[in-house]
Amino acid sequence: MSVRVEIVTPSRIAWKGEADQIEAPGLQGEFGVLPDHAAMLAVTRAGVVTVHQGGQSSRMVVGAGFAEVAKGEVTLLVDVCEDGADVDKAQAAEDLAAAESILGTASPDSREFQEASNNAALAAARLDI
Amino acid sequence: MATLRDIRDRIGTVKNTRKITKAMKLVAGAKLNKATKAALEAQPYQHTLNRTLRRVVASVGEEFEHPMLSQPVNDTVVYIVTMSADRGLCGNFNSMLNKAVLAECEKHKAAGKTVKVIAYGKKARSFLEKRGWELVGGAANVDPSDYSVQADELANRLVTDLGEDRFAEVVLVFNQYKSIMVQESTADRVLPMALEPDGADEGGEAAASVDYIFEPDGGDLLGRLLPMALRTRLFQAFLETQAGEQAKRMTAMDSATRNASDLIDTLTLDYNRARQAAITKELIEIVSGAEAL
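Chains A and H are the protein sequences, given in the same order. Each residue of the first sequence is one higher than the one before, counting from 1 in the working numbering. Each residue of the second sequence is one higher than the one before, counting from 1 in the working numbering.
Check before you lean on any hint, since a few could be wrong.
Stated by the list, open to error - These stretches of chain H come out as covered by chain A in the derived footprint (C-beta under 8 Å, 3 or more residues):
no., segment
1, 36-44
2, 52-60
3, 84-92
4, 211-217
What the hints contain is simulated information worked out from the structure, not anything from laboratory work. For glycine and all other residues, C-beta sits at the position ideal for the given N, C-alpha and C.
For reference, chain A alone in the conformation it holds in the complex (with noise of 0.2 Å):
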């Protein structure tokens, strides 16, 4: 028994195939759907997937965005998602700093501010990775 999953981005369908378990960075905390799971949708942050195949599991970073989980298919809507293994590490804590300093300055309430927490919990989580 397995899950179909597809994590689609606006250019492109970045991971597609058949897991036993898959978990994913829920707007109120991490969640995991296994097979048989209920309909499901949820928003999802900045963060890691961690697809489980057989033993093995594959980590992606993924961007914001909404997970749909119905009759044993998740699809995961996402910004971004890159592989764990193409991560540049000195780039995202690079990113992470530049996010931090303007959330240090711009008022909560800015488009700049949701930008740079945005782009931090993106940083954050690959460095995480």
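With the hints as your guide, set chain H onto chain A.
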């Protein structure tokens, strides 16, 4: 009567033109491949997003209110968003679009609204500017790799302006890409958004048949989905414009190349005839000169 040299020069120019149109056709073909591939790869995201949106709307119900769904208080200003090509030599691609935009602008003006235009692409911008329409945004020479950024910025701006009650509605006019041969100008209202709560999914299953757990609740979820849907729609318009432009240019340059070849054939025939006539004339001169002696 054209001299031999005239005809020869003319053949030379037409050959050069053919070289250019042929090269342009090849370049447009390569760009078209890239553009259709990009449009194709963006489709799964759009389909999934639209499906999700329909399902959420089906379960949240009609009574849900969101600024992007309700009619703004402002009822005088209409934003028209349009996308054209930056260059010409692509058949009637730009003129088709300009005609549609102009019709849309005039329709709203006749209804007593103030029309403000956000135009992308040099051709539409200069066309509208010359006719005195107010441009309030947009850009020229946008690289295809920047489409997603541009769509993001435009969507953000529209949502901000909506929040500040700056317009009554936003109409998107662009050339829809149906196939290489067929593009169609369409004008659709993108804000406030119209949602179709029901309707079967592509697979034919009814949208409301699945009972979802929402996390967070449906209203919050919808509030996040709507801006994404707007952005995706604009992004798609950019992609289709690019694909359509290249398709039109490819077909236009293909027929130009063919016309040039036909012209070269006719001119070569003329040239040979003129050459033969010249030779005959010279022979007659020699023969009659010899006879006179």
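Going through the hints against the structure:
Remark: the segment 36-44 of chain H is confirmed as covered by chain A, as 4 of its residues place a Cβ nearer than 8 Å to a Cβ of that chain, reaching the required three. Counting residues of the segment 52-60 of chain H whose beta carbon lies closer than 8 Å to any beta carbon of chain A gives 3, which reaches the threshold of three, so the coverage claim holds. For the segment 84-92 of chain H, the proposed coverage by chain A is not satisfied: 0 residues have a C-beta within less than 8 Å of a C-beta in that chain, short of the threshold of three. Remark: the segment 211-217 of chain H is confirmed as covered by chain A, as 6 of its residues place a Cβ nearer than 8 Å to a Cβ of that chain, reaching the required three.
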